[in-house]
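**Q** Whenever a hint applies, use it, and build me the whole structure from the sequences.
Under full-length UniProt numbering, the first residue of the sequence shown carries the number 1, and numbering increases by one thereafter.
Some clues are possibly wrong.
[Unchecked claim] In silico DSSO-like links for lysine-lysine, alpha-carbon gap of 27 Å or less: (1) Lys170 with Lys105; (2) Lys550 with Lys460; (3) Lys326 with Lys460; (4) Lys524 with Lys575; (5) Lys663 with Lys550; (6) Lys557 with Lys575.
Note that these hints are calculated values from the structure, not bench results.
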Amino acid sequence: RHCTDVICCVIFIAVILGYIALGIVAWVHGDPRKVIYPTDSYGQFCGQKDTLNENKTILFYFNILKCASPIVLINLQCPTTQLCVSKCPDRFATYIDVQASYRYKPDQWNYFRQFCKPGFNNPRKSVAQVLRDEDCPSMIIPSRPFLKRCFPDFSTKNGVLTVANQTTFKDGRGKTRNVTDLREAANGINNVLDARSVGVKIFEDYAISWYWILIGLFIAMIVSLLFLVLLRFTAGVLFWIFIFGVIGIIGYGIWHCYWEYDHLKGIPGSDLTVYDIGFQTDFRVYLQLRQTWLAFMIILCIVEVIIILMLIFLRNRIRIAIALLKEGSRAIGYIMSTLFYPIVTFILIAICISYWAVTAVFLATSGEPVYKVMANQTLCKYANLTCDPETFNTTNVTKLCPGAQCTFAFYGGESLYHKYIFIFQLANAFVFLWLVNFAIALGQCTLAGAFASYYWASRKPADIPLWPLFSSFGRAIRYHTGSLAFGALILAVVQLIRVILEYLDHKLKGTQNSFTRFLLCCLKCCFWCLEKFLKFINRNAYIMIAIYGKNFCTSAKEAFFLLMRNVVRVAVLDKVTDFLLFLGKILVAGGVGVLAFFFFTQRIPIFAQEAPTLNFYWVPLLTVIIGSYLVAHGFFSVYAMCVDTLFLCFCEDLERNDGSTAKPYFMSASLHRILGKKELSPKKA
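**A** Shown next as structure tokens:
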């Protein structure tokens, strides 16, 4: 063994160090409070401790009618004054009515002015000036907090949209408006708010049933292990049962089509052709034609003949595939530690995702507050220009545009660092993809090395090295970090291009340029195919690296040509393996899911008293089913890697050895018998 792809290894380490530096810089400049806390028009956080807004945790919009949608409210800035308040308004009121009655109804004024600018307490100021300077909102409407922002308290009464059981309200500017005018400003918020109560119930169900969910996942793990162990005895039986079942079903379909064809004989109109009746939206019309059932029968006959011919001509290769599946089960039985390696890969990927997410948040919040002129007059030439709130009142803007204000707009900046934040985000995404692909590559190479040590052992299991999984992991890290990083780099580049294409497609979705959409669709399809092909090449290249210790390019080339020389065997093995593993996943998830259903619905008498009382029994049930499928997928991914490794070793064994004493085969006795080869050496496999 020697170190491979050293240059790529050095670059990879340098990139990791640079990635750490990027995270530190983002941490220094970023401020997650910009995401956690809403920001008012003065650039202050709502609810931040040790500030004037400590007890004012909710953002209030002076005129929510100016906001087009909740997306604008949450992600961008609504073109109206925004203020931090301690609670949302719970009644309808207008500034005109409150001002007119403040002398004999001071309680109404005291309530209303908590939604005015801090320190404003001048009800004698004219209404026109108050609304121009936006000292107070023109109206308040019953609201409730959502995402720490006040939104109208919508409800439906007899199918009519209402706010506090009212369908109209005064806008504070002399007009009576319908509640439906608020729909665009808060579209969809009511449904989300109603969903909050469902979310609380779901959380309660998890809090009650988490213990039983873990038990269900543990059962799924045990069943997955048993399925893999039993595959050495049941792989062939399961496959042939399925194949003959498919043949039988198709045979029944042929008979049924012939029966329908013969049954329609002599019925008026049944001898018409599809061309005669043309296109019909009711497809049952076509089932009344003999020609339809004749076409179905011919198609099924062709499929039946193809399957039978494939079984006849590929029977030996199918037997080899089944033998390799059984051999894989036997190998895992000797190296049981490999079944738990996916936990290591999961931890590494979880670390990568966490670091990427935190860095992305800090980068996104690295900007300084940017203030812009917000003018009530549409013709103000200073509108939307940047401004400085400290010096704004000394400028001519307030004179030329009465009522204009310098309000917070977003976070950004003009420094060199802020100009390249987008580039840093791209770099963050690219290195994240690189590291994730490296973690996957490390797992594949480690498992391949462990299973290859099993295959090339002369006497199994006596000659299998001690701790094969840990030895393989050490070799992969010590000698082949550069090669694994090289393969991961190629894949990360293609994946980043796919992400950019998806982003462009999302941005151009509203355009009417058909050629652009067609070109993007073609590019997305091509790069999807390229990614799938590279994953296939990389996977087999890592196996060759684990076996021979060569660099990435050489290993990829040798693996590719070796597979091409055995392309039919590859296709057969791939489909047989995919079918059996998919069947296993369905059996594990379905079996544990059925058990969980009977348990959580209290239909198992023995455990009826133990089953928790739930709001929605489907919450833990779906969690158990999905979790069981993922657990089975984790175990079966190891098995799939085992079969792929043994297959490449098997192909190499056939090409390099001839069964003589000098060059004995390393394959198992069952593979010997299938190939019809006799072992000439005294070695026992």
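**Q** Would you pick out the hints that fail for this structure and give their numbers low to high?
**A** none
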